[in-house]
Structure formats: C-alpha cells, structure tokens
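Chains as they are written, first to last, in full-length UniProt numbering: chain B, 1 to 424; chain F, 1 to 424.
If you are wondering where the hints come from, they were derived from the structure by calculation, not from laboratory data. These numbers were taken from a predicted model, which means no experiment stands behind them. All C-beta atoms in this analysis are idealised placements derived from N, C-alpha and C, irrespective of residue type, glycine included. Hints may be right or wrong, so weigh each one.
Derived BS3-like pairs (lysine-lysine); straight-line CA-CA distance at most 30 Å [unchecked claim]:
#1 F:376 / F:177
#2 F:376 / B:136
#3 B:136 / F:177
#4 B:375 / B:177
Which residues of chain B face chain F? A few of them, derived with a C-beta cut under 8 Å, are [unchecked claim]:
#5 15
#6 44
#7 62
#8 125
#9 140
#10 144
#11 151
#12 160
#13 172
#14 209
#15 242
#16 282
#17 303
#18 343
#19 378
There are 2 protein chains.
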Amino acid sequence: MTTIDATHAPDLQSWVSSANDPASDFPLQNLPFGRFRLEADADWRIGVAIGDQVLDLRAAGLIDSNDMNRLMRLLPEARRSLRHAMVEGLRAGSPQQAKFQAALHVQAEVELGLPCEIGDYTDFYTSIHHATTIGKQLRPDNPLLPNYKWVPIGYHGRASSIQPSGASFHRPNGQTKAPDQDVPSFGPCRRLDYELELGLVVGRPNPLGQPIAMAQAEDHVFGVALFNDWSARDVQGWEYQPLGPFLSKNFASTLSPWVVTLDALAPFRAPFSRPEGDPEPLDYLVSPANTAQGAIDIELEVWLQTAQMRAAGHAGDKLSQSNYRDAYWTVAQLVAHHTVNGCNLRAGDLFGTGTLSGPKPEQGGSLMELSTGGKKPFTLSSGETRTYLEDGDTVILRGYCVRDGFRRIGFGECRGTVLPAVRF
Amino acid sequence: MTTIDATHAPDLQSWVSSANDPASDFPLQNLPFGRFRLEADADWRIGVAIGDQVLDLRAAGLIDSNDMNRLMRLLPEARRSLRHAMVEGLRAGSPQQAKFQAALHVQAEVELGLPCEIGDYTDFYTSIHHATTIGKQLRPDNPLLPNYKWVPIGYHGRASSIQPSGASFHRPNGQTKAPDQDVPSFGPCRRLDYELELGLVVGRPNPLGQPIAMAQAEDHVFGVALFNDWSARDVQGWEYQPLGPFLSKNFASTLSPWVVTLDALAPFRAPFSRPEGDPEPLDYLVSPANTAQGAIDIELEVWLQTAQMRAAGHAGDKLSQSNYRDAYWTVAQLVAHHTVNGCNLRAGDLFGTGTLSGPKPEQGGSLMELSTGGKKPFTLSSGETRTYLEDGDTVILRGYCVRDGFRRIGFGECRGTVLPAVRF
Chain B
1 MTTIDATHAP DLQSWVSSAN DPASDFPLQN LPFGRFRLEA DADWRIGVAI GDQVLDLRAA
61 GLIDSNDMNR LMRLLPEARR SLRHAMVEGL RAGSPQQAKF QAALHVQAEV ELGLPCEIGD
121 YTDFYTSIHH ATTIGKQLRP DNPLLPNYKW VPIGYHGRAS SIQPSGASFH RPNGQTKAPD
181 QDVPSFGPCR RLDYELELGL VVGRPNPLGQ PIAMAQAEDH VFGVALFNDW SARDVQGWEY
241 QPLGPFLSKN FASTLSPWVV TLDALAPFRA PFSRPEGDPE PLDYLVSPAN TAQGAIDIEL
301 EVWLQTAQMR AAGHAGDKLS QSNYRDAYWT VAQLVAHHTV NGCNLRAGDL FGTGTLSGPK
361 PEQGGSLMEL STGGKKPFTL SSGETRTYLE DGDTVILRGY CVRDGFRRIG FGECRGTVLP
421 AVRF
Chain F
1 MTTIDATHAP DLQSWVSSAN DPASDFPLQN LPFGRFRLEA DADWRIGVAI GDQVLDLRAA
61 GLIDSNDMNR LMRLLPEARR SLRHAMVEGL RAGSPQQAKF QAALHVQAEV ELGLPCEIGD
121 YTDFYTSIHH ATTIGKQLRP DNPLLPNYKW VPIGYHGRAS SIQPSGASFH RPNGQTKAPD
181 QDVPSFGPCR RLDYELELGL VVGRPNPLGQ PIAMAQAEDH VFGVALFNDW SARDVQGWEY
241 QPLGPFLSKN FASTLSPWVV TLDALAPFRA PFSRPEGDPE PLDYLVSPAN TAQGAIDIEL
301 EVWLQTAQMR AAGHAGDKLS QSNYRDAYWT VAQLVAHHTV NGCNLRAGDL FGTGTLSGPK
361 PEQGGSLMEL STGGKKPFTL SSGETRTYLE DGDTVILRGY CVRDGFRRIG FGECRGTVLP
421 AVRF
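Just chain B, same shape as in the assembly:
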C-alpha cells in the first residue's frame, strides 16, 4: 500500500509554472506516465505530464530505455525512487532545472499515444449500482445475480482495438434481433453507448501458477487511467448468451494517455466497507490494509459534445458524475481474484473497472442507464435530444482527485468520436 510522503506536500512548487496553477491536472505532485512522439519520430518516448508540458524521461537522464512495459515492471521501491528523482529535478529551485528544461516539450505540440503495449485486457463489473440498474432492465424481479456480492465478476476483452484518446471509430455493423422479430437482421448498431471506466495498468508480472495475495496485490498495479468501453447494446442483447459480450464490445475502446500512479493517489485513499447486511468477502479477498484504505476517491465525469455543438464552438454538456469510491470491489481485490487460480499477469495488461455508476439515477455511467434502456430521451443544452449516441458525437471522460490540504491530481481526458457505419 502506498503512503503519503514529501512528494505529496501541497506547498511543493515547480519551476514549470503551469504546474503551479491550482486548476492544473498535472501538478508536481502527480507526474503521470505516458508515451509521446514528436512529428519526426517513428518510435514512442516515455514522458511524464507536468503542467502543460511533457518531460522526456530519457532525455532528462532518468531512464535509459523508452520501453514503457519494461519501466512498469519496476519494483515499488524503484518506482518511488524514480518519483522522488522526478520531483527533485522539477521542483522550484532545483539545480537540475537547465538539464530538465532541455527535455521538456509542449504537451499540445506532441502526439500522445497509448501509454504502453497492452497485453491481455480484462473488463470487470465493479459498480453494484451499474449492475443493479442494468439488471433491473433485463430482470425486473431479480436485478442482481446471486454471485455478484461474492465474485468480482470479470471477463476478457479485446486488446487489439484499444485506441488512444482522440481517435475516432466507425459505428459497428452487426446482427441484432428485436423481441418482435422472428429472425435477426444485419446493419449498423442503433444502440451505441459509452461506458465510463477506469483502466488499471498492470506493472509487475506474476508467474503462471503463483497467485498474488491481497497484501502484495497493489504492488503489481502501475497506475490508473481513464477508459471508455464503447458498447453496442443491441448487438450485445442478441449475442451475449451463453458466453458473454463479444462483437458488442470489441470494435473499439479508448484509453487516456496518462497513467496516474498509485503513489500519486496515496492522499486519496479511503476505507473500504460494504453496506450493512452484505456478506464479508471470502478470505482471499480480505486484508487489513484493504479494509483501512482499499478504496480511492476519484471524481469522474462524462461529457458529450455533439457535431452541432462542435460546429458552434461549444465544449459539450456534462452528462453525469460519479466517484470510484462507490465501487463494490477494490483494485487489490481485482488483482487477487484474477490470479487466485494461478492466472499470470504481465506488464501492460489492462483491467477495466467496468462502468462506474454512482448510487443515484443521474450518476449512471452509460446511456443505457441515463436513458433507461433508450426509453427516456433527454435534452441537451443545444436543444438536441439523445437516447444513444449519434454519428459525430464525441464523448469525453474526465477524472480528478481533490482533498483539503492536498493538490488536485487530475487524469486529463479520454476522448473519442463516433463515425458513420461502414457500408456493406
């Protein structure tokens, strides 16, 4: 478990002045990792965000390779040493300012890619509020399945189609069947949705056959990013029995460029508890540290910018807001559960948390929730209405941590745009 240290001190200032803006996602206390390249580059470089700049870690002499998956395998102590070295070089008054200055680039002028090579991608289902709301639509009498409070439900997803923030994708075509149809039909998805998730990026691997215990689980997580698991609800409804979602999910997902380390998130940990009357998890999913501070207080937002808004220079409407603290299973529990059968994790593996909806109806992390399965259209500030996504819509996820006495730690944004379906 990470702890608060001198790198979290709120009065720590950087000689990169934009990092000292209280509204910045990327103060000196954050230093999230990502990959970037300049216009002339073929290969990715490793960078950390600082204010509106990005620091080239290799050029600054802090690392000797631009292999992010290798860097992510660092032991927790080595990772913390690197954090301290970055803070030392970037703090106001650092004797290394000149050297680091030469390794800075303006974030808006570089290309930000996926933060690493993604190995296996697993999607979980950790929001009991999401599971219950969706369950009510499908099974009004029995919304939450009996395994939900015992098993951190997860399934494997598609890694190849995970795109960096800013990319667009075509509305998928597929088979769908309405209840009143006898046979399925083929064509563009009509219930295209987003899912507000966090992406947990695995750092240290475990060998096949060697489970990771709760006490060590967080040592294997490099950090946290924003993640949008786009979903074709009509395709999903027809295809998903009995083996789970497939083409309804694997046409595209979007991952934000910056991975915020668990070290940076140390001040925002919160106790993990369950509602009165819910069962205690089985022993392999329990640890004292997890009970004391297994949750993380991360505010999350979904914004929608339609093509009409974009043309009018409008940044979009906020559709909902929720908090990762409300998840039913913690980061450590996901790692311990995923490996309890001996399954091996590798650096660069990605866990999606599943849609992070809050307890209130307006806190749904997907349109399926906000529009009650497409039955209740809502109106945007532009006067347009939505149930599901239309072509040209851009969805933007944002996340940030705030706590009195600490600097704001932000996640930047995760942005993707829907293009029309490919014609058949």
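Assemble chain F onto chain B, guided by the hints.
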C-alpha cells in the same frame, strides 16, 4: 481458397527418409511451421517439421528473420512460394540437399515452443453437438439458445496463460457453489476438464474499421494447430453469469507446436452445408467457395494417460474421436464474423474453434459430455475410473487428415499434465 497443386502429389518423396513413412504426421506434403530452440539458444528459431526432423528455415536460406509473427503476415502468394521452395529443397533428388541437410535437427532433441507470440485469443463455440449436449445439462427443455444458428458465438479468452505442448499446470483454486449451499466455498477445482479444440492462427492483419469479407477470409488465416482449453466446470457454473467464463478458463490452455497451413490442408476440404430445415446464414457469412468447400475433414482424438498408466509404461486410452467437418461454422465464417464490426485482427491472434464434439454421445470432446456432467463415471483400461480429471493425468490431443490418393497430413500432438492445486 487454397487449391491442390504439385506439392500435394502423393508420390512426392523426400530425401529425409522418415518423412516417407506412410504413418508419419509430417510428410513432404505437410511442412507445418513452428518455433524451436537448441539447448544453448536463448531465442526461438522458425522451423518446419519433416518426418522426425525439423528444418531450420533461416539456416536453409529460405527466410531472413526468425520473427514468426512477421512471417505469418506473408501474402498468400508469397506463402505458397515459400511452400514450393521448401518442397523443392526437401524432395528426393534435390540439388539443395547438402545445404538443407546442414539445417536439419532431430525433432526429439530440440525444444518446441509456442508457434508464435500470441496476441488476442478468441474462443468460439462452433460444435452444435457440444453446445446441445452441454445445453441439455443446464436447460433440459431448451438446450440450444435461439441465437446459436445465427451467430457464430465467441468470446475473448486469456492469451498470457497459453502454454506449449508438454507443459504442466496446477489445478486451479477458486470459488464454487453447489446448488444446496447457501454461500460459496473456496478451494481446489473438483470438476477439472479438457476441451478438444483446434486453434486457428491469424496471419494477415486487417486495419481497425475494415471488415474482412468471406471471399478473402481464409487469406488471413495462417494455419491450424491442436488446442486444449482446460476448464474448471464448477468454477464456471458459479462465475459465468452474466458476462461469460473467466477464471474457469484462464488458468491454462495448451497449444500444439506445429501449425499446419491451409495450403497443406487443400486436399481435405469438404462441402459445407446445414441440416435440412436450419436457417441459411445471413449474407455476410455466405460465399460460394465456403459452400463448395468451407469445411475441413480433420480427424481428432483425445487420449488420457493417468499417472498409474505412465508408471506402467502405458501410452494411455483413447477417450473419444470426432471430426472438424461436423462444425456448424467454418474458418471463413469465424473470420468474417469476428471482423464484421470492424474489429482488427493481428498476426499471431488465435481463434479456438470451441470443443469439437461429434454427433454421437461417445464423440464428446470434453469430460463434461463423456461423464454426463460428472454423473456417469467411466472405467479406463487400467481399471481406474474417471468423471473429471485427477492430479497426474496427462491429456493428449491428436489430429490427422486422410483421403484416398493423398498422403496423411498430421498435426502431431498437444499434451498437458495436471499438477496438484497450490496450497492456500
């Protein structure tokens, strides 16, 4: 679609004499690809099996890199040229014999690895016989779900835990809940099963957003191997709703070392048709070539060697036999379906066909079928009985094609052994 040419002529003999044995899996007409290394090697080399030997393709001057995933991206014409060049060098009387001879190694003396770096792994469910038998156990009144005859059902699986043939793995621990229990319990899986599958290895990639049509689908498949998708049935029963199998499958899978190319399988193609009265697939899953010869006639066998048999020098019992011709969906249909929504495939992606059971009860490709969900133990030649797998059991999958007027084309074997569960 591949065609029969001079490389399939049955009278073609090799100067590697073991390849001319009619019982060999690896005659000159086969030439499956794999990766091997000598004792002193750190890196894998690309080889093809020929009789009881393996030809080092780079040492023979046929390729200039040992990157199998790169080789698999070859265009079909280039792949066929390579096949012709291999046959030319290995045929009896070849002027290149001396050069190729220097690139030969005894198969039994080298280490055979996974044939490539595996990207995304997808498991399908193409045997209607398997789906029906399993469905009967779960839903006696409604064994086959309504989507089965329309959708080539598939889901994403775990790539990290795919092991090469010969490896062993620990019986997984996990949560299970019997119907008469109020709460789940944790411990070693008690219903450990194998699944007899073929693994289709993707060669040529497609870009995200560009579906692959039926007519081009097979050009994207490099070849076919044997695949065992080990399954923890008791874990699966408790965890799989609503998002599909997860820990019940991702603790281990086993892939055979040799990938038999679709070119080598050209003589064993068969018409693809459906039982009278079944619906025709939707248009995107139909092509004239697929109807004419979309199926492949591959005989498949499952063998079980218990620890007791092994100690007695007994090779094991054959548990069942089936044929890939009986699958409900073809190779081309799996590719076309997987990409119809724009999902991108990459070289090295693996498709499991799903358990390949035949129409007769004794042709079940898993113990869940052969023991009727564990209710009917059967007796082995050693006098031992089985419902599910015991610690020390080795499961061996075999496959081969035979047709009058052609040489036998074999797949070698896919072997894995169950070790006791890790203690908690």
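Subject >> Hint numbers contradicted by this structure >> reply: 2, 5, 6, 7, 9, 10, 17 and 19
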